[in-house]
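Let the hints inform the model, and build the full structure from the sequences given.
Protein chains: 2
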Amino acid sequence: MTRLELFEQIRKKKSFLCVGLDSDINKIPKHLLNFEDPVFEFNKQIIDATLPYTISYKPNVAFYECRGAAGWISLQRTIEYLNEVAPEVFTIADAKRGDIGNTSKMYAQAFFDNMHFDAITVAPYMGVDSVSPFLEYKKNWVVLLALTSNEGANDFQTARRDLGEAMQRFGIHSTLFKLLYERVLLKSQEWATEEQMMYVIGATKGEYFEKVRAHAPNHFFLVPGVGAQGGSLEEVAKYGMNDQCGLIVNSSRGIIFASSGTDFAEQAANNARELQIEMEVLLRQKGLI
Amino acid sequence: MTRLELFEQIRKKKSFLCVGLDSDINKIPKHLLNFEDPVFEFNKQIIDATLPYTISYKPNVAFYECRGAAGWISLQRTIEYLNEVAPEVFTIADAKRGDIGNTSKMYAQAFFDNMHFDAITVAPYMGVDSVSPFLEYKKNWVVLLALTSNEGANDFQTARRDLGEAMQRFGIHSTLFKLLYERVLLKSQEWATEEQMMYVIGATKGEYFEKVRAHAPNHFFLVPGVGAQGGSLEEVAKYGMNDQCGLIVNSSRGIIFASSGTDFAEQAANNARELQIEMEVLLRQKGLI
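Those protein sequence lines, which keep their order, are chains A and B.
Numbering that gives the first Met the number 0 puts the first residue of the first sequence at 0, with every later residue one more than the last.
Numbering that gives the first Met the number 0 puts the first residue of the second sequence at 0, with every later residue one more than the last.
Worth double-checking, as some hints may not be accurate.
Identical copies go unnamed one by one, so any copy, or any two together, can satisfy a pair.
Unchecked claim - In silico DSS-like pairs for lysine-lysine, Cα to Cα no more than 25 Å straight-line:
{"no.": "1", "residue 1": "43", "residue 2": "12"}
{"no.": "2", "residue 1": "26", "residue 2": "104"}
{"no.": "3", "residue 1": "29", "residue 2": "104"}
{"no.": "4", "residue 1": "285", "residue 2": "29"}
{"no.": "5", "residue 1": "285", "residue 2": "11"}
{"no.": "6", "residue 1": "104", "residue 2": "138"}
{"no.": "7", "residue 1": "12", "residue 2": "138"}
{"no.": "8", "residue 1": "237", "residue 2": "210"}
{"no.": "9", "residue 1": "186", "residue 2": "104"}
These are calculated hints, taken from the structure and not from any lab test.
Structure follows, in C-alpha cells:
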C-alpha cells in the first residue's frame with residue numbers, strides 16, 4: 000500500500016483509527032472459550048464490528064507468542080481473515096523486532112512473506128543493517144520506534160544525562176544537542192523515505208509532537224497511548240497532523256475490551272465509532288475532507 | 000541458575016562457549032528433511048555432539064518464527080530436550096524483545112513460564128518498564144543489548160554525531176560524554192544487579208572491551224561475533240575476562256554449519272572442541288582453572 004492509498008482510505012472512512020488486537024486470551028469474553036480457536040473468533044468478531052470505523056489493525060505479537068504454536072495459528076488466521084475480508088486496511092505486525100542482517104531477514108520473511116502484513120514495528124537500537132532487510136520489501140513498511148508512550152522512554156530516548164558533565168563545566172544549554180529519539184528520526188531518513196517508513200510516536204508525549212513533526216514533516220506516525228495510557232487525541236492532531244493526515248492513532252484495550260459480555264463486539268464498535276467521529280471533526284478542521 | 004553456578008560449570012567444562020542454534024531450515028543437511036521435524040532433529044544431534052564442550056545454547060528465535068507454528072514447535076521441542084538431557088546448561092532465547100510493561104510481561108511468560116529458558120535477550124530502547132517484567136522472574140536472566148557486533152551499532156550505540164554542534168562551538172573533547180551503549184550499561188544497573196543481568200557485547204568491538212569492563216566489572220557478557228563475524232577470542236579474553244570468567248562467547252554458523260553432509264554433527268563437535276581448547280588455555284592463563 001502506498002502513502003497516497005493510505006491517505007485516500009483515511010478520507011473515505013473519515014478516520015485514522017487503528018484497532019490494536021492485543022487479544023489476551025485471559026481477557027476475552029468467557030463464552031468464546033468454547034470455540035476451537037477462541038482468540039481468532041474474538042478477533043473476527045471485533046474486525047467485523049469495527050471495520051467501518053478503522054483503517055488499520057495492529058495485532059501485538061506478544062499476546063499470540065505467549066501461547067506458543069497455538070498462538071501463532073490464531074495470529075496467522077487473523078491476518079488471513081483481514082487480507083480476505085478487508086484487503087484495503089493497513090495491517091501492522093506490532094513485533095518490535097530488530098537483529099543483525101541475516102536474522103532480521105528471517106523476521107521479514109515471517110511477517111511479510113509468510114503472513115502478508117503490510118508493516119512491522121522495528122526497534123532502532125542496532126542501526127541500519129537491522130532495519131534494511133525489512134526495507135527490501137518495497138511494498139511493505141517499517142514502523143520504527145522513535146518516541147514511545149511508556150515511562151521508560153525517558154531512560155534513553157529523551158534522556159539528557161549523557162550531557163551532564165560537559166554542560167556543567169561549560170554551562171551549555173541542552174537544546175544544542177540532539178536527543179536519541181531525534182537522532183533516530185534523522186538518521187533513519189538516510190535509510191528510507193516517507194514512502195516506506197513510519198515512526199512510532201507516543202501520544203503521551205504531546206509536548207514533543209511539534210518537534211517531531213519538524214524533523215519528519217511528511218511521514219506517517221503510528222500513535223499509541225490514546226485512551227488507556229492517557230494521551231489526548233486533540234493534542235496529537237493539533238501538533239501532529241499534516242496535509243496527508245500523517246497519523247494513524249491506535250487504540251487497543253479501550254476498544255477490544257470495552258465489554259467482557261456477549262455484547263463485546265457491539266461495544267467495541269461503539270467505542271471505535273466514537274473515536275471515528277472525533278477524528279472526522281479533526282480531519283474536517285484541517286480541511287482534509 | 001546463579002552466577003556462581005554458571006562459573007562452576009565453566010570451570011568444570013573448561014569452556015565458556017555458547018552454541019548458537021540459528022537453525023535455518025534451508026541450511027541444514029538435506030538428508031534431515033525426511034524427518035518429521037527436521038530442525039529439531041538437527042538441533043538434537045548438534046546438542047548431543049557439542050554438549051561436552053559448551054556451557055550454553057542460544058537459539059535465535061527468528062530462525063524458528065519464520066516457519067510459523069511449525070517453527071515454534073521445533074523451538075519448544077529443542078528447549079524441552081535441552082532441559083531434559085542437560086539441565087545444567089545455560090539456555091538463552093535470543094529474541095531481542097522489549098515492549099511496554101503489560102506486553103513485555105507476555106513475552107516473559109512465553110519464554111520463561113512456557114518454554115523454561117534461563118535467559119532472554121532484551122532490547123533497551125524502551126527503558127526500564129520494558130525490561131522489568133522479565134526481572135520479576137528472580138531465577139531468570141535478562142541479557143540486555145548494549146554494544147552489538149554489527150555495523151549498524153555505530154548508528155546510535157557508539158555515535159558521537161549528536162555532539163557535533165556543541166563540540167565545534169565550544170571545542171569540547173568527546174570523552175566528556177557518555178555514548179549510548181555506556182548509558183545503557185550504567186542506567187540498567189539501577190534496575191538489576193549482576194546476579195540477574197548480563198550484557199550483549201560484540202566481539203567485533205575489541206577496542207571497547209576495556210571500557211565496557213570498567214563500567215560493569217562483575218557482569219557476565221554474552222559475546223557474539225567470534226568466527227563468521229570476525230571477532231578475536233584472544234582479544235575478548237584479554238580485555239573482557241574477570242575473576243569469574245564473566246564471558247559467554249557465542250558461535251553459531253561456525254559450529255552448526257561446519258559441514259552440510261551426514262557428518263555435520265561430528266564436524267560441529269570438532270569445531271566446538273577447537274574453541275573449547277582455546278578457551279581452556281585462556282582460563283588457565285587467568286588462573287581460573
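For each hint, the structure was consulted:
no.	hint	in the structure
1	43 x 12	within (20 Å within a copy, 53 Å between copies)
2	26 x 104	between (33 Å within a copy, 14 Å between copies)
3	29 x 104	between (39 Å within a copy, 22 Å between copies)
4	285 x 29	neither (43 Å within a copy, 60 Å between copies)
5	285 x 11	within (15 Å within a copy, 69 Å between copies)
6	104 x 138	within (16 Å within a copy, 32 Å between copies)
7	12 x 138	within (22 Å within a copy, 50 Å between copies)
8	237 x 210	within (13 Å within a copy, 45 Å between copies)
9	186 x 104	within (21 Å within a copy, 31 Å between copies)
Consistency with the previously given hints fails for number 4 only.
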